[in-house]
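Order-wise, the sequence lines are chains P and Z. Okay, so the first sequence: first residue is 1 according to our numbering, each after it adds one. Okay, so the second sequence: first residue is 1001 according to our numbering, each after it adds one.
Each hint should be verified, as a subset may be incorrect.
[Said to hold, decoys possible] Within a straight-line C-alpha distance of at most 20 Å, the following computed SDA-like cross-link-like pairs (lysine to any residue) qualify: (1) P/K8 <-> Z/D1159; (2) P/K8 <-> P/P59; (3) P/K22 <-> Z/F1400; (4) Z/K1177 <-> Z/R1191; (5) P/K8 <-> P/E81; (6) P/K8 <-> Z/P1212; (7) P/K8 <-> Z/S1064; (8) P/K255 <-> P/T338.
[What the hints assert, rightly or not] Pairwise CB distance ranges (calculated): (9) Z/D1017 <-> P/T297: 33 to 39 Å; (10) P/S14 <-> Z/D1254: 37 to 43 Å; (11) Z/P1025 <-> P/P187: 15 to 21 Å; (12) Z/L1258 <-> P/L41: 26 to 32 Å; (13) P/L269 <-> Z/A1456: 38 to 44 Å.
No lab work stands behind these hints, which were simulated from the structure alone. The beta carbon of each residue, even a glycine, is placed where N, CA and C say it ideally should be.
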Amino acid sequence: MRQVVVRKGAYRDSVTLMQVTKELADRPDVAQALVAMATELNLDLLDQLGFARPDDVAPSDLLIAVDGDESAFETILDAVEASLDRRPTTMAGGPGDLPARSITAAARRADASLALVSTPGRVAAIDAADALANDLDVMIFSDNVGLAEETRLKDLAAARGRLVMGPDCGTAVIAGVGLGFANVVRPGPVGIVAASGTGAQQMLALLDGADVGVTYCLGVGGRDLSEQVSGRSTLAALDLLEADDSVDLIVLLSKTPAPASAERVSEHLWSLRTRVILGYLGPEQPDVTATAEAAVTAVGGHWLPPPRIGGTATRSRGYVRGLFVGGTLCEEARLIATAAGHRVASNIAKDAADRLDEHLTARGHTFIDFGDDQLTSGRPHPMIDPSLRLQRLIAELADRACGVVLLDVVLGHGAHPDPAADLVPVVRAAAKPLVVSLIGTRDDPQGSDDTARRLADAGAIVHRSNAAATREALDLAAKP
Amino acid sequence: MDPNPTVVTAGVGILSDALDNQGVPTVRVDWQPPVAGTEDAVQQVMLDPRRTDANQAALDAMLSAQASLVDVRPARDVLGLEPGQFLHAGPPITWDNASGPLKGALIGAVLFEGWADTPETAEAELARGSYIFEPCHHRGAVGPMAGVVSPSMWMFELDDATQGRRAWCSLNEGLGKVLRYGAYGAEVIERLHWMTDVLGPALQAATRATGPIDVKAIVAQMVQMGDEGHNRNRAGTLMLLKEWLPALVTAGLDGSDLADVVRFVSGNDHFFLNLVMPACKLVTAAGSGIAGSTVVTTMARNGTDFGLQVSGTGDEWFTGPAQLADGMYLGSFGPDDANPDIGDSAITETAGLGGFAMATAPAIVRFVGGTASDAIATTARMYDICVGENPAWAIPALEFRGTATGIDVTAVVRTGVLPQINTGMAGKVAGVGQVGAGLVTPPMDCFVGAITALAAAAPSIDEPVGRASGSPAASL
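Pulled out of the complex, with its shape left as it was, chain P reads as follows (with noise of 0.2 Å):
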């Protein structure tokens, strides 16, 4: 099959176009081929080679001439394409060398396929366009993103076929890789979908406990499945891990839905082959550990009630505080302690009357989420500097109204590189019982086994399930 195909004023210098001419006279599936400028001496040659000479061109026009089998005929002109329009490598000394200062210059400078952007959360947004601009899918860590900018974001992913991980998405995990704040998993047939980021951690560490193995978690931002945003990025996960056949199971995991946002999911669930089990937290829904219990059970492993260690300790005379690095273990722990008949009051409380002020002066039981919003704008989150926690649990344990004391610890990369050296020596000199739950697998960074053991020798009752540790110490504690 013989062919000519024009480009209109699409210049190429003649040594390129030589070069272009003899990658494609080299393939077997071409017998002649000429990619020339269409000027007088090539149409000449054009002719010379027996090709139809074409109408109305200029020297500024781009011949094509390719005399090749028929049936390899578009991925013949497909390659010419690519031959033209392939960049040269960088060499030293050149463009690759410089710093990128945006992530468009970034992602030309390597074959990236994602960006994670941790920028401040006011421009974080213009961040993540910019990676979605350039096809990469994107995580985004930073919180306090509106929900405007979210929702828009959200859309013009699903206009390049990218998902958006985020905003204040704080975990993934893509085959083996952990994004963020993640806990080290071997991969395995459970894909987790996750609108929050320690209730994905926990899942992450209590699956590894159960010996079930994560090939994914995909983080969506505590929004997604809000009214307005409507569970944008909840789908596209969703879909995504339908598509890979190394998904047995995947487990949805988020505070309750708006319920439009609820509906939507279980709309889409129909569309899916792949099982799906659901873990919405909220009143008289299952918690995190009962959710991978379930999933455990659902792809044929064996569940064992997660370990705790630490000696008994007596009942105390005093109120809970519970001082939590991850949002969601606080939330679980509030659902936990209201659905057993306590009242809470909290940072996150939904109910104005259960809120702290803005000092978080203690009232009765008590669990802060010292990574909300408003006390992680401006500085880094806690699991990263806990330093703000610590300063709280000094005073609490000084507090003669708080009985025991209910502590998150998340493990995993990203997070802080030791936390228990702060924590062991207050533990130590603490005259209350102190409960613990410690989010984290056996080949984090930090080891859960290790930090688990340095703990409770130290004296702390030490849970490797948050709602397994907030009922310890709701029972721990005593009417005052």
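The hints should help you fit chain Z onto chain P, whose structure is shown.
Relative to the frame of chain P, chain Z by itself:
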């Protein structure tokens, strides 16, 4: 999802460290916040669903533009300039705010047209508002330095067959005491008359007899021969002369006129600048007027203000104070003698030449006060603020990479990297002429103004993304 991702990281270093510790390849962004005060506007524009497609459409149009020299004619014929009307470089300006070189050039043009007998009367009439002057860009023309065009001056006429558009530029007068640097002495006026009486008609005859001359192709060649198309046009000038010569010789000119014409063109290394500029004007104009596009389509200075036009905001000018170039001075001139940045010649950078092709012109880097490696770094940095590359203009020193093309306002405001312009420096006193050459950047104010206007034109973030708003390249 890519199971073996290379990850671009922007922000907290500890998160990149965690990826390094897992052996994941990363590219770290050397992140800094956008220019202070522009955050909301930049966000609004970055989230505009039209932006990426509109910028691609602008780039595609720019790369597809042609530029052929088709004629040489007087400004009164091609631009419809009437007696009493002038064009000048840069954004609009009043007489009172005009700089020394622009005032000098306007005085010279009044004298050249014979509308006044002395510089004093010319100046008085100009100050009185007797004449109308407006930017070259408003008529699809460009002018180097002061860029003053009067009805009798001859213009190169370039044609873009792809877009069906034409652009014009005056004929280059050479170096030294010349009108475009604000000189208006007798020798300047005499030369302008010779250009009108002899040079213009000769080049018209040669051009018409030769047929269209592909200026874009000559630019492609000159870029591979050490010309960056703004401060160095040596190879381009000789290639143009080569095209003209047969027709020029047979045009029936008087023998001494022919010798004068050839001597004038070949003796002025900048002669071809006045063809590169309208060629670049055709390139950038092709990308103009695309709703949602953040690509810069004009950079121009009048000696007082630097002006910017952007594809998505049409003809609106965004201005800021023109800067002083940093470079080398001729003879005993120094920084105190130099006028702020002037001329439409920054259209070359707007189209991907000049500072954007400096890596190809090591011969001039010392003239503008740099080193060969500075030139490569400067040019390389420009890729980071551009939408794409022009494969037609390939730089050998960068492994034949095409020049960076399509300055993106969002990239400039986000990274703080300003376009790099190679430029000549005019004396600030009218009549002095050229005092040096160097490097200059636009003031950031222009880009702040542009991003603010682009944000105002962008759909509200609260609006759902519909099919209509996502469709590319709706014209303004």
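Going down the list of hints, with the structure as the test:
1. With a C-alpha separation of about 16 Å, the suggested pair P/K8 and Z/D1159 falls inside the 20 Å cut-off, and the hint holds.
2. Restraint check for P/K8 and P/P59: the C-alpha separation of about 10 Å stays at or below 20 Å, so the hint holds.
3. The suggested pairing of P/K22 with Z/F1400 holds, with an alpha-carbon distance near 18 Å, which does not exceed 20 Å.
4. In summary, the hint linking Z/K1177 to Z/R1191 is supported, as the alpha carbons are separated by about 10 Å, within the 20 Å threshold.
5. Of the pairs offered as hints, the one joining P/K8 and P/E81 holds, with about 14 Å between alpha carbons and a cut-off of 20 Å not exceeded.
6. Distance check on the hinted pair: P/K8 and Z/P1212 sit about 17 Å apart at the alpha-carbon level, within 20 Å; holds.
7. As the CA atoms of P/K8 and Z/S1064 are separated by approximately 8 Å, the hinted pair is consistent with the 20 Å bound.
8. With a C-alpha separation of about 15 Å, the suggested pair P/K255 and P/T338 falls inside the 20 Å cut-off, and the hint holds.
9. At about 37 Å, the beta-carbon gap between Z/D1017 and P/T297 stays in the expected band of 33 to 39 Å.
10. Between P/S14 and Z/D1254 the Cβ separation comes to about 39 Å, which falls inside the hinted range of 37 to 43 Å.
11. Separation of Z/P1025 from P/P187 is about 19 Å and conforms to the stated range, judged on CB atoms against 15 to 21 Å.
12. Between Z/L1258 and P/L41 the beta carbons are some 30 Å apart, a value that agrees with the proposed interval 26 to 32 Å.
13. The hinted window of 38 to 44 Å between P/L269 and Z/A1456 holds, with their beta carbons roughly 43 Å apart.
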